[in-house]
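K.L.:
Chains as they are written, first to last, in the working numbering: chain A, 2 to 217; chain B, 1050 to 1396.
Some hints could be false.
Covered by chain A, per the in silico footprint, the following chain B stretches (three or more residues, Cβ under 8 Å) [stated by the list, open to error]: (1) 1115-1128; (2) 1209-1217.
With a straight-line cut-off of 25 Å between C-alpha atoms, the simulated SDA-like cross-links for lysine to any residue are [to be verified]: (3) Lys69/A <-> Lys1082/B; (4) Lys1201/B <-> Asn148/A; (5) Lys1194/B <-> Ile66/A; (6) Lys10/A <-> Asn1202/B; (7) Lys1209/B <-> Glu142/A; (8) Lys1194/B <-> Asp60/A; (9) Lys1085/B <-> Glu78/A; (10) Lys14/A <-> Gly1217/B; (11) Lys67/A <-> Ile1216/B; (12) Lys10/A <-> Ile1199/B; (13) Lys1201/B <-> Asp51/A; (14) Lys1082/B <-> Lys153/A; (15) Lys1209/B <-> Glu78/A; (16) Lys183/A <-> Glu166/A; (17) Lys153/A <-> Arg1204/B; (18) Lys1201/B <-> Asn92/A; (19) Lys1280/B <-> Thr72/A; (20) Lys1209/B <-> Gly7/A; (21) Lys67/A <-> Lys1082/B; (22) Lys1201/B <-> Pro77/A; (23) Lys214/A <-> Ile1205/B; (24) Lys1280/B <-> Glu78/A; (25) Lys1082/B <-> Glu149/A; (26) Lys1201/B <-> Lys183/A; (27) Lys1280/B <-> Gly81/A; (28) Lys1351/B <-> Glu78/A; (29) Lys153/A <-> Arg138/A; (30) Lys64/A <-> His1206/B; (31) Lys1209/B <-> Asn85/A; (32) Lys1194/B <-> Ile213/A; (33) Lys1085/B <-> Lys99/A; (34) Lys1194/B <-> Glu39/A; (35) Lys1351/B <-> Glu149/A; (36) Lys1351/B <-> Tyr196/A; (37) Lys171/A <-> Glu39/A.
Some chain B residues well away from chain A (every beta-carbon gap over 10 Å; in silico) [claimed, not checked]: (38) Leu1054; (39) Val1133; (40) Tyr1136.
Keep in mind that the hints were calculated from the coordinates and are not lab data. Just so it is clear, the structure is predicted and the values come from calculations on it, not from any experiment. Backbone N, C-alpha and C fix where the C-beta goes; we use that ideal spot for every residue, glycine too.
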Amino acid sequence: MKSIFGKSKELEKNIEEYLDIVEEALLIFERDINRYLEGQYDLFEENLDDILTVENNADDILKEIKYKLYTYMLIPEARGDVLNIIESLDNEVDLCKKVLMQFSIEKPEIKDFIVSDFKELTKQSLKSAEQLVRGIRTYFEEISMVNEYVNKVHFYEHEADKLEERIKRKVFSTDHINDLCKKVHIRHFSEKLAYFSDLAEEISEILSVASIKRSI
Amino acid sequence: MTSFLFISSGLFLGWSLGANDAANLFGTAVSTKMVKFSTAAVIISIFVTIGAVFGGTGTTETLGALGSVNALAGAFVVALAAGVTVYLMTCYELPVSTTQSIVGAIIGWNLFSGRPTQLDVLYKILGTWVFSPILSALFAIVFFKIAEYIVKNCRIHLFKIDMFTRIGLILVGAFGAYSLGANNIANVMGVFTKTSILASLQIGFITLSNTQVLFLLGGLAISVGVFTYSKRVMSTVGRNIFKISPVASLVVVLSSSVVLFIFASEGLESILLNLGLPTIPLVPVSGSQAVVGAVIGIGLAKGGRNVNYKLLGKIGLGWVLTPLFALIISYIVLFFMQNVFMQQVYF
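Next up, chain B with everything else stripped away, as it sits in the complex (with noise of 0.2 Å):
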């Protein structure tokens, strides 16, 4: 029971994962009416799921690496500061990223019990965050680029194209629910890994490890944050975020999705070993920013009109605060754990 008690902040921040991130996926597709919320939901729950239990190994064994969190008080401690973060970043209204809070939470976590943290793997981890949303915009033009084309020169009847484009919002959703999983997982859940509390699983033919039943109840918290609060979110990114046509808010969609499937897939990273090509990093990296940088590579495709430049310097502020606010809480937080209520924080 206790035990739960603990993962109850990692479980507060797949809520809130579910209920921001989890939005960008489905917001124009549920606000435009494409749609219904309930269909949404019930794929981002199904998706999202599948990708935190099957896919999310890579990106935990980063953040592992950033800080190895063994004691559970500890872990509790860095999912709260984490979770608070990602609040107070909402408040004022900064692209919010579990990502950056997570990170920044478990450095605290390393000053507080003196360990090291593993420069290379930050750098690493730093490079993605600046190098994500460059990768969207990149993407998101080319898409752009292409979807133009084909709109242009096919000749498609106007209700064809709106069919294809509902299609392949349902189905590039379910797409980006899955990576989101199996990306951010790792945020969610990472640092508890290290405290093995719960038991391996068995379901039919299926043997989830006692990792993989974390990440299941984390995803199932996503879900619960899909499903309690993320219809408002979405009407929110439907109204103001995305002001542009479904087919944009498509490549959006399928832009932010691939990059946090390239940062999250063993698959793609098994294969460009074997090709003997550089790999990418698997890195959580922030759903928003890359949503962010999609929006911003449409612009630029359009034409460099109507670009919400205010917006790159919002990012940039929240790769500096976002960590630096999720330390300080985790740090503060973590002497109070330890000196306050008595619990062994880091072993």
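One chain only, chain A, in its complex shape (with noise of 0.2 Å):
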């Protein structure tokens, strides 16, 4: 029978281990979205397993969580908050999956004159999400630093919704493009890219009210 101390000392690796796995879906969604926007969707599609194996040993580190955290009885009156934010987590991983399989299979014609748009939506999108990873992290060792790394998040989610809208009012006000469905297209893809950060904004959030619950 493992003490408390080892019960404690393993789930804290469990959620360190969970946190570099978010850490990585995010750098191989970025990678991967890079490589499309370039043209080079040979590279891309032929890489396209790495986002499905991180989301899967995602999901069994999740699993393996939930059951530490609740049949060990650590935490107890702050483990519903403390899954609340990991499962929410693994929102951005499930996203990072899905919208690679989105550009896979509908292959948006993303135009020249709006690659880089799109390269920097998706740069500051993902930084509100690694922001709030290193928040999530603080929670666990540095409780009273949360709130910076929530307003980091809060300024990238901004400056993505700004980014979002530029490509939009870009893709309709264009020549470059006549089919309206193709400009449509790419709209749902600019939303897809943004709503990382929006999410990362909400999970800031749930995050924000458990580390003032915390605060002894």
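Bring the two chains, given one by one in their own frames, into a single complex with the hints.
P.N.:
Shown next, in the form of structure tokens:
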């Protein structure tokens, strides 16, 4: 039978691992989207399995975390909050897989004049998610710093929103794309990319409340 | 058999102490599921009994000096009056104190039997009632600031904080139970010590004097109170009084336990005497009021927001009303016991 020290250490490790995987998923996503936007379609398709593997690993660890939090009776008061945060974060990983699959299946035609905007949107939106992951790490280790990261999440979410709007305006006012279907298609993908930051903002609110509840 | 019938009022008082005061020690731990109720109940029962049997003499002497209840029927009435007062005060949701009710009941016996009340002892006791919540608040401020500094500066993982808090709640709860037993057993069984109704007892290598056997019974009565009724009180304590974090509640239990301990410890008294320092009087103090003092201390440490000043008023009201009620009830019931039931209530 493991001691309470051992159980706690194990769970600590699992959560660290999980947060590492989320960061890895975000990096893979950025790499693959850039490949797609730069027209390296073969390379994009070849490495599509990476995100599937990462997403599966994330699910496995999440299951372990859930099991340990409840069966080992660890942090009874805050475990609901911890689980809520971790489960919500899993949506970011799922989103990585879903959006990459959509790019692979639907193959949206991103014209040259908006490629740099798309790259910037991806960057800002993912930055928001990255700051969220850092905020979650500090929730466990230095709770007083959580708000600093929550503010950064808001900042990048706002930047991503502006870029999303910029892309939409450009697409719907340009003569380079004549087909309305294609315009709507591009709009759909710009919204998908911006959704990473929207989701990060939602989770950051949960994190913020959880950190207030934990302050001594 | 008659003897046991007479000490039943003391056992009832012990039961109510176990049901109410013991809940303060593990209220948050149990209601936040950090410690199972069964674990808490076993820890309280063991340590409260140890505290009562081995540390309860100091405070008992002080109560004995206030009024030496020398007839069994008189002791029965005094404990009964205290028990009834505790019940009434609970109905009015005042931070109930067996200490204040037993003091009132003893003074009632003094008045009825025509014995003088030692005013210097009374003033000493009254002083500690006022001083104990204040001291508890001061301890809470210091302990809270230390805990806050550690949590903010040492970058301890959330899980480790929780683990230390959980272990701390168990250890401090055990210490609190010991202190409660040592400090408050005088309230429960103190009035019966002059009546010598029980013989001494040999358990293995340990010999218990007749007073200690009486205290053992009191400790067991407190344990019964813990097992039968304190679960409900604990959930109330957890939900209503302690809307504070587990770390802060650890500070509350620690502060109030230290207060109960220093007002009961003969060891500490002799250390202070040896050092030539003024001693702390060994007086039964109210655990509940020490807890309220500590909660207010935490509120002050956080900058004075969310401090429920109404509670202070309720404590003050308790200081006056509880002994007064107990005195009146004690006097009236002694009258009936002597004149209706024809029992000798004093010699």
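K.L.:
Now tell me if each hint is right for this structure.
P.N.:
To see whether the hints hold, each was checked on the structure:
Under the rule that three or more residues need a Cβ within less than 8 Å of chain A, the assignment of the region 1115-1128 of chain B is violated, with 0 such residues. Given as covered by chain A, the region 1209-1217 of chain B passes the check, having 5 residues with a CB less than 8 Å from a CB of that chain where 3 are the minimum. For the hint pairing Lys69/A with Lys1082/B, the CA-to-CA distance comes to about 16 Å; that is within 25 Å, so the pair holds. Distance restraint check for Lys1201/B and Asn148/A: the Cα-Cα separation of roughly 14 Å lies within the 25 Å cut-off, and the hinted pair is therefore satisfied.
Restraint check for Lys1194/B and Ile66/A: not satisfied, since their Cα atoms lie roughly 33 Å apart, outside the 25 Å limit. Straight-line distance between C-alpha atoms of Lys10/A and Asn1202/B comes to about 20 Å, which keeps the hinted pair within the 25 Å bound. This hinted pair checks out: Lys1209/B and Glu142/A have alpha carbons roughly 10 Å apart, not beyond 25 Å. At roughly 41 Å between alpha-carbon atoms, Lys1194/B and Asp60/A are farther apart than 25 Å, so this suggested pair is violated.
Restraint check for Lys1085/B and Glu78/A: the C-alpha separation of about 13 Å stays at or below 25 Å, so the hint holds. Pair hint Lys14/A plus Gly1217/B holds up; C-alpha atoms about 23 Å apart against a cutoff of 25 Å. Restraint check for Lys67/A and Ile1216/B: the C-alpha separation of about 23 Å stays at or below 25 Å, so the hint holds. Our distance criterion of 25 Å between C-alpha atoms is met by Lys10/A and Ile1199/B, whose separation comes to about 20 Å.
At most 25 Å may separate the alpha-carbon atoms for a hinted pair to count; Lys1201/B and Asp51/A exceed this at roughly 39 Å. Our distance criterion of 25 Å between C-alpha atoms is broken by Lys1082/B and Lys153/A, whose separation comes to about 35 Å. Distance restraint check for Lys1209/B and Glu78/A: the Cα-Cα separation of roughly 14 Å lies within the 25 Å cut-off, and the hinted pair is therefore satisfied. For a cut-off of 25 Å, the pair hint linking Lys183/A to Glu166/A stands: about 17 Å separates their Cα positions.
Pair hint Lys153/A plus Arg1204/B holds up; C-alpha atoms about 21 Å apart against a cutoff of 25 Å. With a CA separation close to 31 Å, the supplied pair Lys1201/B and Asn92/A exceeds the 25 Å bound. Taken as a hint, the Lys1280/B and Thr72/A pair is honoured in the structure, with Cα atoms around 23 Å apart against an allowance of 25 Å. The hinted pair formed by Lys1209/B and Gly7/A meets the criterion: a straight-line CA distance of about 11 Å does not exceed 25 Å.
Of the pairs offered as hints, the one joining Lys67/A and Lys1082/B holds, with about 17 Å between alpha carbons and a cut-off of 25 Å not exceeded. Restraint check: the Cα-Cα separation between Lys1201/B and Pro77/A comes to about 22 Å, which is no more than 25 Å; the hinted pair holds. For a cut-off of 25 Å, the pair hint linking Lys214/A to Ile1205/B stands: about 17 Å separates their Cα positions. About 18 Å separates the Cα atoms of Lys1280/B and Glu78/A, which keeps this hinted pair within 25 Å; it holds.
About 31 Å separates the Cα atoms of Lys1082/B and Glu149/A, which puts this hinted pair outside 25 Å; it is violated. Restraint check for Lys1201/B and Lys183/A: not satisfied, since their Cα atoms lie roughly 53 Å apart, outside the 25 Å limit. Distance check on the hinted pair: Lys1280/B and Gly81/A sit about 23 Å apart at the alpha-carbon level, within 25 Å; holds. For a cut-off of 25 Å, the pair hint linking Lys1351/B to Glu78/A stands: about 21 Å separates their Cα positions.
Simply put, Lys153/A and Arg138/A have alpha-carbon atoms about 14 Å apart, close enough for the 25 Å limit, and the pair holds. Restraint check for Lys64/A and His1206/B: satisfied, since their Cα atoms lie roughly 21 Å apart, inside the 25 Å limit. Distance restraint check for Lys1209/B and Asn85/A: the Cα-Cα separation of roughly 20 Å lies within the 25 Å cut-off, and the hinted pair is therefore satisfied. Proposed proximity of Lys1194/B and Ile213/A is supported: the alpha carbons are some 18 Å apart, at most 25 Å.
For the proposed pair Lys1085/B and Lys99/A, the alpha carbon gap of about 44 Å is over 25 Å, so the pair is violated. With a C-alpha separation of about 56 Å, the suggested pairing of Lys1194/B with Glu39/A is violated against the 25 Å cut-off. Taken as a hint, the Lys1351/B and Glu149/A pair is honoured in the structure, with Cα atoms around 22 Å apart against an allowance of 25 Å. A threshold of 25 Å between alpha carbons decides the hint, and for Lys1351/B with Tyr196/A the separation of about 39 Å lies outside it, so the pair is violated.
Under the criterion of a C-alpha separation no larger than 25 Å, the hint pairing Lys171/A with Glu39/A is consistent with the structure, at around 19 Å. Interface exclusion of Leu1054/B from chain A stands, the closest Cβ pair being 45 Å apart, more than 10 Å. Separation of Val1133/B from chain A is adequate, the least Cβ-Cβ distance of about 38 Å exceeding the 10 Å criterion. The non-interface label for Tyr1136/B is consistent with chain A: the shortest C-beta to C-beta separation is roughly 33 Å, beyond 10 Å.
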